[in-house]
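J.: Residues per chain, in single letters:
Protein chains: 2
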Amino acid sequence: MATVNKNFEKLASGYLFPEIARRTAVWQKSNPNADILRLGIGNTTEALPPAVCTAMHEKIDALSDRATYSGYGDEQGDTYLREELVRYYDRYGVCLQASEFFISDGAKSDAANLQDIFSTDNVVAVQDPAYPVYVDSNVVAGRTGLFDKNRGRYNGFVYLECSEENGFIPSPPKEKVDLIYLCSPNNPTGAVMTKEQLKGFVDYALENKSVIIFDSAYSEYITEEGYPRSIYEVEGAQKCAIEINSFSKSSGFTGVRLGWTIVPKALECEDAKAGLLNSLWNRRQCTFFNGASNIAQAGGFAALSGDGYQQSRDLIDYYMENARLIREGLERVGLTVYGGVNSPYIWAKAPNNMPSWDFFDLLLDSCHVVVTPGAGFGPAGEGFVRVSSYGHRENVEKAIASIEENLKI
Amino acid sequence: MATVNKNFEKLASGYLFPEIARRTAVWQKSNPNADILRLGIGNTTEALPPAVCTAMHEKIDALSDRATYSGYGDEQGDTYLREELVRYYDRYGVCLQASEFFISDGAKSDAANLQDIFSTDNVVAVQDPAYPVYVDSNVVAGRTGLFDKNRGRYNGFVYLECSEENGFIPSPPKEKVDLIYLCSPNNPTGAVMTKEQLKGFVDYALENKSVIIFDSAYSEYITEEGYPRSIYEVEGAQKCAIEINSFSKSSGFTGVRLGWTIVPKALECEDAKAGLLNSLWNRRQCTFFNGASNIAQAGGFAALSGDGYQQSRDLIDYYMENARLIREGLERVGLTVYGGVNSPYIWAKAPNNMPSWDFFDLLLDSCHVVVTPGAGFGPAGEGFVRVSSYGHRENVEKAIASIEENLKI
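Chains as they are written, first to last, in numbering that gives the first Met the number 0: chain A, 0 to 408; chain B, 0 to 408.
Some hints could be false.
Repeated chains share a single entry, so a pair holds when one copy, or any two copies, can fit it.
[What the hints assert, rightly or not] Simulated pairs of lysine-lysine, DSS-like, Cα-Cα distance not exceeding 27 Å:
1) K208 <-> K5
2) K5 <-> K238
3) K272 <-> K5
4) K194 <-> K173
5) K9 <-> K148
Hints listed in this document are in silico derivations from the structure and should not be mistaken for laboratory results. Since the model is a prediction, treat every value here as computed from it, not as a measurement.
One chain only, chain A, in its complex shape (with noise of 0.2 Å):
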């Protein structure tokens, strides 16, 4: 007699992103006529690089051909991608090994698969909002209890908060966690962490034997100077830190899928000396994973050099200019907004203490513009809504144009 994971029941809700696909195509098909203006999810635009394109299709050129066909790679993914990696790392001082680098499809399955090679009773500390995978896939695999509706927060967790009094970026957790997420740049507040403020985690992990696993998929999108694009830029990061990144919004890659995650030899824990947590997440990519596409990997690795790297940089541009004219946008209907600057995420603060969802609801209906509730991502995201700078120019200024004339607050 199969039983279910009972810990499915546990979701609060539908994963954020299919609720607001529903909420809008209900909207839709009340409104048929009415031209949706979409900054919601963080979905890029724009064409690939044509370095990618080339390099993909010399790929596929050489599996047409028997001569030069492969068909499985690594599980770990290829060894020159690999090391391709490892030269983009060292521009930024920080020196690693082929053998730290795990190619995958992405760093969502990266981001919800890591927690299957830690113990089921690990304290999970998470920022308060998040990116919703960190929290869905520990409460599937059982590291809480459960939902307390009340105080919009699972049981068992510890969340370590994100508010405009700390300016997005949370202390620290004052008791002890065995595992810690962070994200820099920030999805969904577009907060970004000095060194400084890294450095206290890194002691603080360093301290209690914690692991963090920092999530840097938006670090190509740091313009300011002075913050670090990896963990491992901050001192004894490699002891106590895992680091995702992927190349869907740095170079256009959400559909073609690629990314990759950094599980350092020097990394150890309480019951794993150094090299252990790398081997084990080395035997759970080759036992529950086959690599990334072969020509995925091809794109990846144009895309990290030469004419692919100043192209993959021209989109950042492109979305970072779109992100301008939402932030300057929405300051001149006289909402309060964070982020925008060294992230493609504008996190707004709703008027007049409305909750996100009616914030959501109201941008919908008198504008036509979909954004997402920053509720979705946790209690302390409740009040804000993020919005995206991923869309075509013109859309862009569209929706701005639209909130402009017709958002009454």
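Could you slot chain B onto chain A? The hints should help.
T.: For chain B alone, kept in the frame of chain A given last:
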């Protein structure tokens, strides 16, 4: 103080194929001039079907233009591909809906991840020998006790022995089990289940409210009439079975990465009414996965229909001719062989009661041929090796000639 998932410690040994790669590399090092002939890992070697390449080139062209670019797709896969799969199954008289299909990056991931939606106290039955992923993923999830070295088996699993006596097709378990992994055509034995044999398992599952996880990754290799390609050809199977399949072996997508899983809406178990398991897998995929590569999906669509399907069939014919050459060659040197008729794998009995790994070493040493030791698939695989028909024809011919010339038994 972070601690690790101790279940990893139970894993009896390194994953089989990395271990073969390691042994082969060591041997190559001491025999640098030897030309190793690989009939080990089931890795495709022939060019991708031209129609698949055309479709993927076209998709990249679409991604290189902002007017036709697309980013994140649905986590469940693109609708056009799911609908094409509905039509593919319809050819075999199997009626399914698009919402019952989940496109993934390959059958290995799904085979490993499906256990996630079931309770950790479910009792798992596997064929012995079996593809190691079924076993290892459940060990990591904590569904076993320790590995018993004397029996060569994990405590807590139920093993369904596949032997010469039962034609490598086991009967349903005598005891009650909750999850049953079945693979037909079988990897590694090459045995294929009749409808009657499959029906025995479906009846067992319906009676005991068990769930069958049916791996049909080699279904396109069935050449003889009367064997079901899908478990859903058996009446009632939609109530008790999940099916996994892949483009890897049918169309050479081992490196491109694309597969699918079917969780019927009718599927139920002890505490899950019809519909719940479908929605649990949907939730799991939406949380832990971000969809398969859109380039691979475009290729997969082309592989299912028109020229692409015929070209895929031609690929299979090519490998099956290899299978015939291997089977007949091994028979000529006096080995007892099974499989290779409805499957790309030949299951060869080691001579003189030799253990699998000894026969592996003998074939490598004396013939320079790499095969896969049967013991790597479970203790009942001891005394056999799996010979793969994936390879260039000229290499297969060389390998068989070398065995005929050099193998002394």
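J.: Each hint: holds or not?
T.: Quick rundown of the hints versus the structure:
1. K208 <-> K5: The answer is between: 17 Å across copies meets 27 Å, while 30 Å in one copy does not.
2. K5 <-> K238: between (35 Å within a copy, 20 Å between copies)
3. K272 <-> K5: Only across copies: K272 and K5 sit 14 Å apart there, 33 Å inside one copy, limit 27 Å.
4. K194 <-> K173: Classified as within; 20 Å inside a copy, 62 Å across copies.
5. K9 <-> K148: Classified as within: same-chain Cα gap 11 Å, cross-chain 39 Å, threshold 27 Å.
Every hint from the earlier list agrees with this structure, and none is contradicted.
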